[in-house]
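Use these hints to put chain B onto chain A, whose structure you have.
Protein chains: 2
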Amino acid sequence: MNQAVERPIILTGDRPTGQLHLGHFAGSLRTRVGLQDSHQQYLLLADTQALTDNADNPEKVQRNIIEVALDYLAVGIDPNKTTICIQSCLPALFELTSYYMNFVTVARLERNPTIKSEIQMRGFERDIPAGFLCYPVSQAADITAFKATIVPVGEDQIPMIEQTNEVVRRVNRQIGQNILPECQALLSNVGRLPGFDGKAKMSKSLGNTIVLNATDKDIKKAVNAMYTDPNHLRIEDPGQVEGNVVFTYLDAFDPNKEEVAELKAHYRRGGLGDGTVKKRLEAVLKELIEPIRERRNELAQDPTYVMDVLRDGTDKCRQITQQTLDEVKAGLGLFRF
Amino acid sequence: MNQAVERPIILTGDRPTGQLHLGHFAGSLRTRVGLQDSHQQYLLLADTQALTDNADNPEKVQRNIIEVALDYLAVGIDPNKTTICIQSCLPALFELTSYYMNFVTVARLERNPTIKSEIQMRGFERDIPAGFLCYPVSQAADITAFKATIVPVGEDQIPMIEQTNEVVRRVNRQIGQNILPECQALLSNVGRLPGFDGKAKMSKSLGNTIVLNATDKDIKKAVNAMYTDPNHLRIEDPGQVEGNVVFTYLDAFDPNKEEVAELKAHYRRGGLGDGTVKKRLEAVLKELIEPIRERRNELAQDPTYVMDVLRDGTDKCRQITQQTLDEVKAGLGLFRF
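These protein sequence lines map, in sequence, to chains A and B.
The numbering of the first sequence is the UniProt record's numbering, which starts it at 1 and goes up by one.
The numbering of the second sequence is the UniProt record's numbering, which starts it at 1 and goes up by one.
Think of the hints as simulated: they come from the structure by calculation, not from any bench.
Don't take every hint at face value.
Any copy will do: because identical chains look the same in the list, a pair fits if it lies in one copy or spans two.
Claimed, not checked - Below, in silico cross-link-like pairs of lysine to any residue (SDA-like), each with a Cα-Cα straight-line distance of 20 Å or less: (1) 329 <-> 311; (2) 329 <-> 62; (3) 220 <-> 149; (4) 286 <-> 30; (5) 60 <-> 330.
Just chain A, with the same shape it has in the complex:
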C-alpha cells in the first residue's frame, strides 16, 4: 500500500445536475479511467457546490448523485482504484471553507474571471448569491482537503487553480509551515465537444446531447440530425470538415485515426456523401456506447452496490479531509477538544 500513498493525488469531479453525456466522456471521463492506475484519484460529487445555483431545486441535485455515480462506474471508474465521495457528507470541507474565507477578499473574488463570466452567463448580476461568489474558496477547500497536487480542468478554470494556490500560500504563511501543497492544473488536450446540432454548448435542456445510456435508436436519431456542412448539397461537391460536427465526433471517438484522415480528404475534394460519413459515426458510437449502456443498466438494477460504493468512498474521504482540517486548525492555533 505504500506505493499507493506515493502516487500523485488528483481531485476532480462533477456537479450532479444531470446525467453525463458524450461531451463528458470525451473531455474528462476517458482521461480519468486512464489516470486511475498511476494516480491516487478522488472523484467528488459536488452537490453542495451545485446548490449554489440550484438552491430552489435540491431534489434534482440529489437524484443526479446516483445518476452520475452510475455514469462513473459504467465507463470504467474502478472504486478499488478511484475513490468516489459526496461533497455534502464531508463536514471538514465546510470548516476549511470558512477559515479560508478570512484569507480571501471580496474584491479578489469579484475579479475572478470564471466567476465574472458565470455571473454573466447565469444572469445573476447584483443578485449573485453569496455562496456563488464564494465558491472558488469552497473549491480551494475541496482541493486542499485532499492535498491534491493535480486538478484536471478546462482552460476557463485556471483562475480557480490560481485562487486555490493563493489560499494555500496565505494559510501556510500564517501557520508558518507548508501544511497545504500547491496544485497544478492538468489541462485537457481535447477541445470542448459541441452539441450534435452544432451549438458550442451541449446541454440536456437544449436537447443536443447523447447520454451514456443512449439506445441504438437514440444514437441513430442524433447522428441523423447532426449538423454537417450546410453548403454541401450534392455528393460530388467539395465539403467542409471544419465545424462539421460529424467529423468533430469522428475525431473524438473513432479509434482509427488514419481512416478518419482519409475520409476527411475525400469529403474535402468531393464525392463523399454525408450519409456515408454518418453511417460510420453511428457505428462508432454504437460500439462505444453499447458496453457502457449495458453496464449502466446492470448497475442501475443493483442500487445497494452503488450506495455501498458511495458510502465506503465517502467514509474514507471523511477521514482524509478531517485529518487535513485537524492540521489546519492546530496550525492556526484553534481551540480543540
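Just chain B now, with coordinates in the frame of chain A:
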C-alpha cells in the same frame, strides 16, 4: 426536565478577543445571570467569528476563550443553567452557514448597515475578507442552529436579527415547512457604558476599561482618572451630570438609586465636590468587583474545572446543532448517509 425544554431559548455570547470588563457587565453579563432561571440560555464563545478580522492573530482568540469563560463563571453564570460552548467546535454551524449563503445575495450583505459601519470602522474598504462580509450569515446559522427565539443585542445589531429572519423565511419556504423559528431582539435598556476617560468606546487598547478582576488599586486609579465635568472647578459651583462619567457609572452600578438621585441634584446646584462622588463610586465598584475577582482568581487556579465546563457545554451543543442541521438537510432534500 420537560419544563426546561419549554423555556424560551436564548442565544448570546461574545467574541473572545479580550477579557470582559465593566461595560460587558452592565450591558450583558448582569442580564444573562438574571435570565438563566427563566430561559434556556446558550452562551457562544464566537472564536470562528473573531477570526474573521483576527486571522493573523489566532493565538489571541484561543487564549481569550478561557479568559471569557472565567469572566462568565465569575459573574455568576451557572453551567447547570446556562450552556457555554465554543463555536469552532460545532461543525454543524459551518454547514448551515454554507447552505444559508445560497439564500442571501452579495448585494444584500453589502447593504447591511452593521457590516457597512464595521467595514468603515476597521478600515477594510475594498479589501474586506469574504468571511467578514458573510458573517451575518454565520450569525444566522448560530441563532437558528439553537432554534433560539430571543437574541439579546444592542440597537446597532438589529439588522443582524432582520437578516437572520430573512434567512429563516427563505429556508422555511424552500423546505415548505417551518423548521426554523424566527427570532426577536432583546434590546438592552442600558446604554453603552463609556470608557472611564469619557470616550464612547471602551477598549483594552485605549486603556480605559475596568476589567472584572481589577484590584482595589486598579479601581482607585481608574476612578481617580475618571472624566467628570471639566467646567466644575470649585466645589461650590453647579456641576453637570450629563456626560459626567462618574454619574454614568453610579447610574449603572450603585444599587441605591434614590441616593444617586439626591447626589445628582446636589451636584447640579453646587456644593458637592468630584472627590466625594468619586469616593462613593470607588466604594460601589470595589464592592461589586471584589466577589467577582475572588471567584475568578479561584477558578483560574482550577483550569480542569473550566475546561470540563467548556467540554460538557460544547458536547451538548454539538448534538443540538447537529440535530437542526439534520432537519435542514433532510428538508432541503440533501443526500444523507
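Identical-chain pair category, residue 220 with residue 149, by Cα at 20 Å:
Neither. Shortest intra-copy (41 Å) and inter-copy (61 Å) distances fail the 20 Å Cα cut-off.
Could you figure out if residue 329 and residue 311 sit no more than 20 Å apart (CA to CA) within one copy, between two copies, both or neither?
-> between (26 Å within a copy, 17 Å between copies)
inquiry  = For residue 60 and residue 330, with the copy left unspecified, which applies at a CA distance of at most 20 Å: within, between, both, or neither?
reply    = between (38 Å within a copy, 14 Å between copies)
Regarding residue 286 and residue 30, is the shortest C-alpha distance of 20 Å or less found within a copy, between copies, in both, or in neither? Answer is within; shortest intra-copy Cα gap is 16 Å, inter-copy 76 Å.
**Prompt:** Are the CA atoms of residue 329 and residue 62 at most 20 Å apart within a copy, between copies, both, or neither?
**Reply:** Between copies only: 11 Å across, 31 Å inside.
Hint 3 alone, counting from the list given before, is not met by this structure.
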